[in-house]
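Spelled out from the first residue to the last, the chains are:
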Amino acid sequence: EVQLVESGGGLVQPGGSLRLSCEGTGFIFSSHWMDWVRQAPGGGLEWVAHIKQDGSETYYLDSVRGRFTISRDNAKNSLSLQMNSLRVEDTARYFCARVSPVLGRTFDVWGQGVLVTVSS
Amino acid sequence: IQLTQSPSSLSASVGDRATITCRASQAIARYLVWYQQKPGQAPKLLIYSASTLQSGVPSRFSGSGSGTDFTLTISSLQPEDFATYYCQQINGYPLTFGGGTRVEI
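Protein chains in written order, with this note's numbering: chain V, 1 to 120; chain E, 1 to 105.
Simulated from the structure, these hints should not be mistaken for laboratory data. Take the hints with a grain of salt, since some may be wrong.
Said to hold, decoys possible - In silico contact screen, one side only, chain V against chain E (beta carbon under 8 Å); selected entries:
no., residue
1, 33
2, 50
3, 61
4, 104
5, 118
Claimed, not checked - Stretch-level coverage of chain E by chain V, calculated; a stretch enters the list once three of its residues show a Cβ under 8 Å from a Cβ in chain V:
no., stretch
6, 48-57
7, 83-95
Yeah, the Cβ is synthetic: ideal placement off N, Cα and C, and Gly gets one too.
Using the sequences plus the hints, can you model the full thing?
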């Protein structure tokens with residue numbers, strides 16, 4: 001079964017750091033672009049970051065560039081999001097998403113998400 | 001690229017036809033995707049390339065449009081269709097989503 005499972009969420013104070021992880025199973029992880037998407041409580045979806053299969057290319061939402069870093073370890077089928085200088089407005093459920101290899105930048109598999117709360 | 005979805009919510013009954021629109025702030029050809037999200041769940045891919053149904057999605061769902069104006073239609077609402085629907089443009093980064101349309105009974 002194709003699956004993505006996130007971990008690492010929690011409560012952190014403003015200015016703090018957190019590292020999210022996402023493990024992919026049931027598919028060839030190294031063949032796919034991967035992304036992070038977040039959803040604030042009661043809000044809509046917001047794309048956060050993207051990484052190419054070999055990690056050579058990354059893109060970020062303007063509001064997180066310079067604070068967040070997306071990375072991957074294909075040997076461990078793992079995607080990460082290092083979040084520094086966290087702000088209250090970063091509070092959200094963070095989903096990792098697999099990009100379809102044939103449908104352009106379309107997310108065909110999603111994890112269940114992990115909650116990040118930034119509060120003092 | 002901003003995506004404006006309308007309505008933000010709609011009330012309907014089982015068997016009704018539901019139509020959701022998504023307007024892009026600039027032309028995106030057919031680089032438009034639709035997702036369905038139920039409470040407490042991750043989004044699910046419904047339609048890609050503006051009008052192509054993802055495998056396993058019921059044929060009562062359909063998408064149309066190109067350029068800046070797009071539509072998601074559910075021809076006959078079923079109980080399991082009550083959810084929130086999002087459009088997403090994949091024309092370029094930053095990828096963006098519409099604000100969502102909540103379909104409720």
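So, going through the hints one by one against the coordinates:
For the restraint placing residue 33 (chain V) at the interface with chain E, the shortest Cβ-Cβ distance is roughly 11 Å, beyond the 8 Å limit, so the hint is violated. Of the supplied interface hints, the one on residue 50 (chain V) holds, with its beta-carbon coming within about 7 Å of a beta-carbon of chain E, less than 8 Å. Of the supplied interface hints, the one on residue 61 (chain V) holds, with its beta-carbon coming within about 6 Å of a beta-carbon of chain E, less than 8 Å. The interface hint given for residue 104 (chain V) holds, since its Cβ lies 5 Å from the closest Cβ of chain E, which is under the 8 Å cut-off.
About 21 Å separates the beta-carbon of residue 118 (chain V) from the nearest beta-carbon of chain E, more than 8 Å, and the hint is not met. Coverage of the stretch 48-57 of chain E by chain V holds. Counting CB-CB distances below 8 Å, 3 residues qualify, and the rule asks for three or more. Restraint check on the stretch 83-95 of chain E versus chain V: 6 residues with Cβ-Cβ distances below 8 Å, three needed, restraint holds.
Comparing the model with each numbered hint stated earlier shows that hints 1 and 5 do not hold.
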